[in-house]
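Residue numbers (UniProt numbering), protein chains in the order written: chain H, 1 to 199; chain G, 1 to 199; chain P, 1 to 199; chain S, 1 to 199.
Treat each hint with caution, since some may be false.
Derived pair list, reagent style DSSO-like, types lysine-lysine, alpha-carbon separation capped at 27 Å [unchecked claim]: (1) H:Lys14 / G:Lys47; (2) H:Lys66 / H:Lys47; (3) S:Lys33 / P:Lys14; (4) P:Lys47 / S:Lys33; (5) H:Lys66 / H:Lys41; (6) H:Lys14 / G:Lys41; (7) P:Lys195 / G:Lys195; (8) G:Lys14 / H:Lys14; (9) G:Lys195 / S:Lys195; (10) S:Lys33 / S:Lys66; (11) G:Lys14 / S:Lys14; (12) G:Lys66 / G:Lys14; (13) G:Lys47 / G:Lys33.
Don't read these hints as lab results, they were simulated from the structure.
4 protein chains.
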Amino acid sequence: MLSELLATCDYIAKRNLCPATGGNFSIRQSGDKMLMSASGKDKANLKASDFVVCNFQAQWLEGEGKPSAEAALHGMIYRLSPQTQCVLHTHSIPVTVLSMLEAHESAIRFHGYEMQKTIAGFHSHEETLNLFVFDNNQHIPTLAIQLMDNWQEAHLASGLIVRGHGLYSWGNSVHEAKRHMEGLEFLVECELTRKRYQK
Amino acid sequence: MLSELLATCDYIAKRNLCPATGGNFSIRQSGDKMLMSASGKDKANLKASDFVVCNFQAQWLEGEGKPSAEAALHGMIYRLSPQTQCVLHTHSIPVTVLSMLEAHESAIRFHGYEMQKTIAGFHSHEETLNLFVFDNNQHIPTLAIQLMDNWQEAHLASGLIVRGHGLYSWGNSVHEAKRHMEGLEFLVECELTRKRYQK
Amino acid sequence: MLSELLATCDYIAKRNLCPATGGNFSIRQSGDKMLMSASGKDKANLKASDFVVCNFQAQWLEGEGKPSAEAALHGMIYRLSPQTQCVLHTHSIPVTVLSMLEAHESAIRFHGYEMQKTIAGFHSHEETLNLFVFDNNQHIPTLAIQLMDNWQEAHLASGLIVRGHGLYSWGNSVHEAKRHMEGLEFLVECELTRKRYQK
Amino acid sequence: MLSELLATCDYIAKRNLCPATGGNFSIRQSGDKMLMSASGKDKANLKASDFVVCNFQAQWLEGEGKPSAEAALHGMIYRLSPQTQCVLHTHSIPVTVLSMLEAHESAIRFHGYEMQKTIAGFHSHEETLNLFVFDNNQHIPTLAIQLMDNWQEAHLASGLIVRGHGLYSWGNSVHEAKRHMEGLEFLVECELTRKRYQK
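Using the sequences provided together with the hints, build the complete structure.
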């Protein structure tokens with residue numbers, strides 16, 4: 001599963017969805033552990049040795065380097081969702097900008113897009129998909145608690161946004177997490193573009 | 001012809017015209033059959049084994065997996081146009097957004113673009129090219145019937161849009177279908193950009 | 001020089017500056033001839049055999065295929081400018097859109113850009129660079145005559161635009177023609193972007 | 001360190017951050033010298049032999065070609081900041097346009113972006129990052145003096161903008177300079193995008 005994750009990280013970097021050291025990526029390990037990208041790495045060139053093992057409280061267990069600061073948020077997703085195998089955190093311009101434009105909105109609502117169907121559990125463009133937006137906070141456990149409090153709906157969307165910071169998406173496999181990430185990034189870029197034409 | 005289609009799918013993926021599992025692609029086979037990309041595949045890495053044989057009613061005949069949900073729309077194009085050899089369905093942001101902005105328009109009109117000449121049968125920027133837009137519908141046979149009802153003009157444009165969903169383009173060879181797809185995607189992105197400057 | 005031109009065509013295609021069969025490219029040959037990309041080729045995969053030899057009146061002399069329709073415009077540039085060795089015609093979205101927005105302007109004026117200095121003969125951002133825009137015309141000799149009539153200033157800019165159609169740029173080597181093309185495409189995209197913020 | 005710089009130049013070219021001959025790049029050498037990209041090279045294909053050795057006053061010492069015109073600005077950064085090992089000058093469309101839109105502003109202020117933390121010394125999106133903008137000047141020593149006069153704050157941002165011209169970013173290693181460049185380019189593109197939605 002790690003080689004699939006590395007290929008996905010590579011794809012994410014090529015599409016410029018995690019510039020500088022933005023972005024972090026993990027997969028679930030057995031026994032309430034996860035393999036997590038280490039802090040401060042250039043996300044455009046991740047290798048197996050750039051990942052460390054930590055528990056869901058973000059405590060380092062094995063490997064070189066320390067886990068990304070956001071590890072506790074990844075851990076909370078694995079705790080709340082036993083079937084989740086992979087979490088991807090991207091840091092794109094459209095997600096950053098749309099979430100800052102809508103400074104007081106706690107969710108972005110998508111309606112009418114065929115692409116909604118790429119998110120597990122959605123079957124029609126006539127449904128509404130709510131993607132949660134949390135205010136950014138340098139204290140990651142605070143974000144983790146917010147996620148816990150809003151899990152029901154966040155889980156439905158298979159993703160969430162931290163304002164001015166980026167998108168988290170997850171899935172039951174690396175393949176599904178990547179599909180959710182691509183689908184949500186697509187939807188956000190569409191909404192941002194549409195907004196330009198509103199009077 | 002399949003290797004040319006695979007190279008085209010690869011090109012489409014590199015230009016990010018079919019993110020997530022959006023997009024599907026087919027070529028005509030002898031005897032009222034088509035070779036169709038299977039449902040749920042990552043369109044960025046299509047291989048020969050990701051295609052299945054089905055008839056024009058979208059019924060599976062051979063291969064691993066099931067045909068894309070939109071197969072019946074591909075089939076209708078092959079039925080209506082005996083010379084068509086290839087159908088490409090892309091799922092780009094500009095097509096999605098422009099077709100949703102123009103929520104009540106049944107066509108996008110292009111005029112004044114040299115690029116119109118890349119569509120078979122057009123010879124001057126002074127002509128007008130009408131690209132049909134159908135409302136999205138999860139019932140694909142409904143879209144197929146709409147296409148039949150509007151075939152005359154849709155055929156002229158060598159393409160059509162399903163609102164909030166994407167572009168279908170076709171041609172007498174993979175090469176021509178790709179040229180039509182690139183030309184129509186170009187024209188849509190130009191129109192979307194121009195619209196920003198309208199008072 | 002042809003291998004350098006092929007590398008440049010490849011670069012142009014990768015940056016999506018000549019989608020579909022838009023765009024054509026030439027280099028001067030001895031004896032009032034030029035090597036010209038053939039009509040109808042996919043410009044993303046040009047090979048040596050996709051070029052034909054023709055004279056400056058666009059008449060075919062050697063090679064497989066026929067010269068691009070715009071060959072007479074290339075020929076006129078070589079006739080007017082004995083030092084020009086290469087002409088590149090790109091077909092980008094920003095050039096198409098900006099020239100159509102300014103439907104009645106016969107030139108785009110650039111001022112204040114460091115990038116102006118990449119055009120031969122310009123030495124400061126405080127100078128003004130006028131890039132001619134001609135109305136599109138399916139009769140290429142008409143465009144060639146217009147170019148002749150406006151040669152003095154067009155030559156200064158090392159390029160010109162045909163409205164809704166694209167950019168021609170040229171230089172004393174493939175390297176210089178490419179540099180002019182990149183500089184002018186950059187300047188046009190900047191102007192188009194700036195225009196969005198004007199009240 | 002040169003091979004790391006060449007890989008970074010390659011990355012910068014692939015992301016189209018230094019079109020035409022825009023952009024120049026250097027690393028510190030021992031004894032108040034620097035290795036500097038030579039003038040007039042195609043920055044998309046830099047090789048070791050495209051760099052020359054010069055002193056911090058931009059005087060040529062070794063190698064083929066002459067140092068970039070902006071070498072004196074690189075030299076001033078190395079003089080003011082003994083720990084700086086690498087200076088990158090990119091020439092992107094968003095930096096060019098945003099700095100020209102804000103024609104009378106001497107700085108761009110960033111607030112609320114997680115990405116600010118990628119700049120050395122910043123720890124929260126709640127801080128404010130001021131990126132200096134100097135008016136362009138063909139006399140590079142004038143820019144160097146301006147930088148000296150504003151060093152305290154410019155150093156904080158690990159970068160500065162020359163209006164209509166581009167971004168300079170630097171760091172204690174090629175890796176850090178690249179991270180700062182990516183972070184600042186990201187922030188500028190976000191600000192430019194946000195500005196479109198302001199009434």
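To see whether the hints hold, each was checked on the structure:
no., hint, verdict
1, H:Lys14 / G:Lys47, "holds (21 Å)"
2, H:Lys66 / H:Lys47, "holds (15 Å)"
3, S:Lys33 / P:Lys14, "violated (37 Å)"
4, P:Lys47 / S:Lys33, "violated (45 Å)"
5, H:Lys66 / H:Lys41, "holds (10 Å)"
6, H:Lys14 / G:Lys41, "holds (20 Å)"
7, P:Lys195 / G:Lys195, "holds (13 Å)"
8, G:Lys14 / H:Lys14, "holds (10 Å)"
9, G:Lys195 / S:Lys195, "holds (18 Å)"
10, S:Lys33 / S:Lys66, "holds (15 Å)"
11, G:Lys14 / S:Lys14, "holds (14 Å)"
12, G:Lys66 / G:Lys14, "holds (25 Å)"
13, G:Lys47 / G:Lys33, "holds (19 Å)"
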